[in-house]
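Could you build all of it, start to finish, from the sequences and the hints given here?
There are 2 protein chains.
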Amino acid sequence: MNIRLAFNRSRLFVLNVSHIKPYHSLALFPSSHLYQADLSNHGSRRNYHSVKTPKGTRDYNEKEMAVREKMFNSIQRVFKRHGGVTIDTPVFELKDILAGKYGEESKLIYDLAEQGGENCSLRYDLTVPFARYLAMHGKELNQYQLKRYQIGKVYRRDQPAMTKGRLREFYQCDFDIAGTYDPMIPDADILRILCESLDCLHLPHPFTIKINHRKILDGIFQVCGVPDNAIRSVSSAIDKLDKMTWVQVRQELISDRGLAPSVADKIGQYVQHRGDFTLLDTLMKDQALLANPSAAQGIKDMSLLFDYLDIFDVRHKMTFDLSLARGLDYYTGIIYEAIPVNPSVDDMGSIAAGGRYDDLVGMFLAGDDDNKKKKKMKPKQPIPCVGMSIGVERIFSILMAQHEQRPIKSNETQVYVISVGDGLLKERMHLAKELWNAGINATFMYKNKPKLEKQWTACENDMIPLAVIIGKDELDQDKVRIKEMTAKNQAQGGGVIVNRADMINELVSRLEKM
Amino acid sequence: MNIRLAFNRSRLFVLNVSHIKPYHSLALFPSSHLYQADLSNHGSRRNYHSVKTPKGTRDYNEKEMAVREKMFNSIQRVFKRHGGVTIDTPVFELKDILAGKYGEESKLIYDLAEQGGENCSLRYDLTVPFARYLAMHGKELNQYQLKRYQIGKVYRRDQPAMTKGRLREFYQCDFDIAGTYDPMIPDADILRILCESLDCLHLPHPFTIKINHRKILDGIFQVCGVPDNAIRSVSSAIDKLDKMTWVQVRQELISDRGLAPSVADKIGQYVQHRGDFTLLDTLMKDQALLANPSAAQGIKDMSLLFDYLDIFDVRHKMTFDLSLARGLDYYTGIIYEAIPVNPSVDDMGSIAAGGRYDDLVGMFLAGDDDNKKKKKMKPKQPIPCVGMSIGVERIFSILMAQHEQRPIKSNETQVYVISVGDGLLKERMHLAKELWNAGINATFMYKNKPKLEKQWTACENDMIPLAVIIGKDELDQDKVRIKEMTAKNQAQGGGVIVNRADMINELVSRLEKM
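In order, the protein sequence lines correspond to chains A and B.
Here the first sequence is numbered in our numbering, starting from 1 and rising by one per residue.
Here the second sequence is numbered in our numbering, starting from 1 and rising by one per residue.
Calculated from the structure, these hints are not laboratory results.
One copy or any two copies: either way a pair holds, since identical chains are not told apart in the list.
Each computed DSSO-like pair below joins lysine-lysine, with the alpha-carbon atoms no more than 27 Å apart: (1) K63 - K153; (2) K433 - K210; (3) K426 - K300; (4) K513 - K479; (5) K153 - K80; (6) K409 - K153; (7) K153 - K70; (8) K210 - K426.
Here is the structure:
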């Protein structure tokens, strides 16, 4: 009863916050044809005596984990291919570290209970902890430079939508490049890494990366006559152009954000543009824009970036979209979101996002500097960063849906040791030990006298490719029978008999061919 | 100022709880010659404007992560060799799930703040969440059987001892076998897995596994005349025999636990025994013990277990220790702790521990069963389990200490692209792209015109084995220079020149030989 009430209360709560755009804008709304998260984990359906996981969290069974680990390994290979190293930070941070970084969304932060110590919160993303890490350890880094990736869980008290894969505990895969370099080179590398990461997952739909530059956007607003203190507010209204029409956004700019209709119309002439890199040529002919220092800098950056992306063979993946603004205040340069090229309207969520944030580390360097020792430990200047975050939960849903027709092998067992006849438990244990000693993944049935049929079934259910079979005859002759479970050749149905001493070599050579 | 006060308060708090033995008894007290966790992460030393990690938590830099991931990978290979699959559960659980499982230690549980929803706590170990998982999903498992491993962080509001590697957020590596099988077979497999796991880490000291059986211990207490309701209390006093003398423990049994001196003396005659499996022969001649059903069952189990451990070649690793009791109430069969065979008294902590717990899953199955649907979802009976947990933080300290003399390569970069002369940024980018396309891990300096010397230094610092070098000459002739950075042969100092078209093949063949 309590639970039901709490659920209703949460729904009401959500009605109030539903207009808030999630940070990093990794919308996690797979369309209905996607893999449906197994609801059995969640109490709202299976609710026996509170034996369930907390709201918005779920368990992952061994088959789901096999898919998830394969996904992480693929992404990690790309990250390492580009020189990435990994670090680890705690799952919770001091509350002060997160304060003032997430704007309105900070109400979604999970706090730990006060238990006579510090005030702490579960991390909301991996970006702010990374900036905190750089502020603490920057001095120890070689030239304050670091290419780091991190795959970890983050926490948001958002309204969960389990069937849509939107959770309160979910993974992010981040790659960030910290340090001062020549312009746009790390930015180009990050975008290449993003493309390689999404490519390696073999998703059913191609993707495009919407890209824009905060300095161009700010320049446009200035040129159109938006007051400086209204720029962020106008920016977040413009960001809605992926879900609303220009007429609707224009109305919001005028009635909610207080712009004059003429200013809104000027903005409209810019932000409805999207296209490939040639859009830059159009902007370069705009004298008003070029005269604005912010816009001019942004245009110069983009021009260089497109050159580099061309060399990296990923320029054609980009959509230069002047309406892309991104929710977060801290971006200072290029911003981007990867979205699937949609087969349906439903599929509009982004699957990765990021941007350049040159001032975030600096937020941790400010403050009282009277203590000499403290001063010594700090990096001398803010460390500029560019990075991206892959929304792996949504990608996981897509990958699970692809598996619906195919069985998933969740173990890595290579050999099942089977006895025919009288159980032969100790002989099976001896064989398993020999296989383990040789580094072969092997198992057997934990029964004194298992039925042959049950052993076959177990071997088949676990999709184990090889069986080593012993019976009284084989034992007497110091031999074993080896059978490939997938052998379609009926003549080989019974397997081949080899000397016990040759067993390991025979198995290794068969495994190598698989 | 606030922080200092909180710190002092915590110390006082700890004085009160210092007698509590940690759950799973994975004491994490490396001796002074071990790797000292990098204190720079912790605010108590670097405390500039609260930019630090919460008390008892720390960051791991890229070199520490390289060591940690290698350790996890080694352990995971062993787990998979024995047919283990992995699952994932949330980092926090409903408070009720953890309630009543940890006895006095439950005061160390981290709670989440009440924010208008459920009451939740960070997980204290991976065992109770696993039992909750089995209670929820047992029906979906094949015959209620599961061999699962899990590597994850757990949380305890213990007094941190950073220099000793005792943290509030730390990893556990667990392997558990759930399901009904024939006696002692999974138990033997778990102990073999434990031995293989510790062996694969190549620790500087050999280890032994102290082993005992709860049923033997309970039988001994009954035979000696301990009242049934005092058994757990006496048991936890006996467990201190690894740190206290018998005279001290005897005194505690009499004054604190209320035993008659004669009863204590009888117990003393049993629990001071430790040795190899032949101790079992002594027990088998003890008619009083054999007449006790609990002890008789325990002795029968141990006899069978030692047989199996002999087949698995790990019997010689065991120390049968009748004083081993383990803190937790829920163990119902064999119990064990792995400890290094000590070069110093300091080194007494255990590095892994576990036991059989047949009733824990049942605790989640109890409760109101009037609802037919609920009943249908539950497993019909408690699922018996045996498992173990490796105290990886302590092992990590030992491994880091071994690395003190040797540098750690934290990246997996194989090739560094270097230019001689005029920068050649775009040419370096082209080369890097070709390498990435071929699946080679490659990087280059993010500078328009980097100095040659700086590129060499970066390549050497990052311990990258191969350099691809281009200058104007090479470019004009469509060639590149390849240099093995570790080549000791001075004649090869400048590397070899190959046609650009042969670059990938040349690099791949050199990498294969490394």
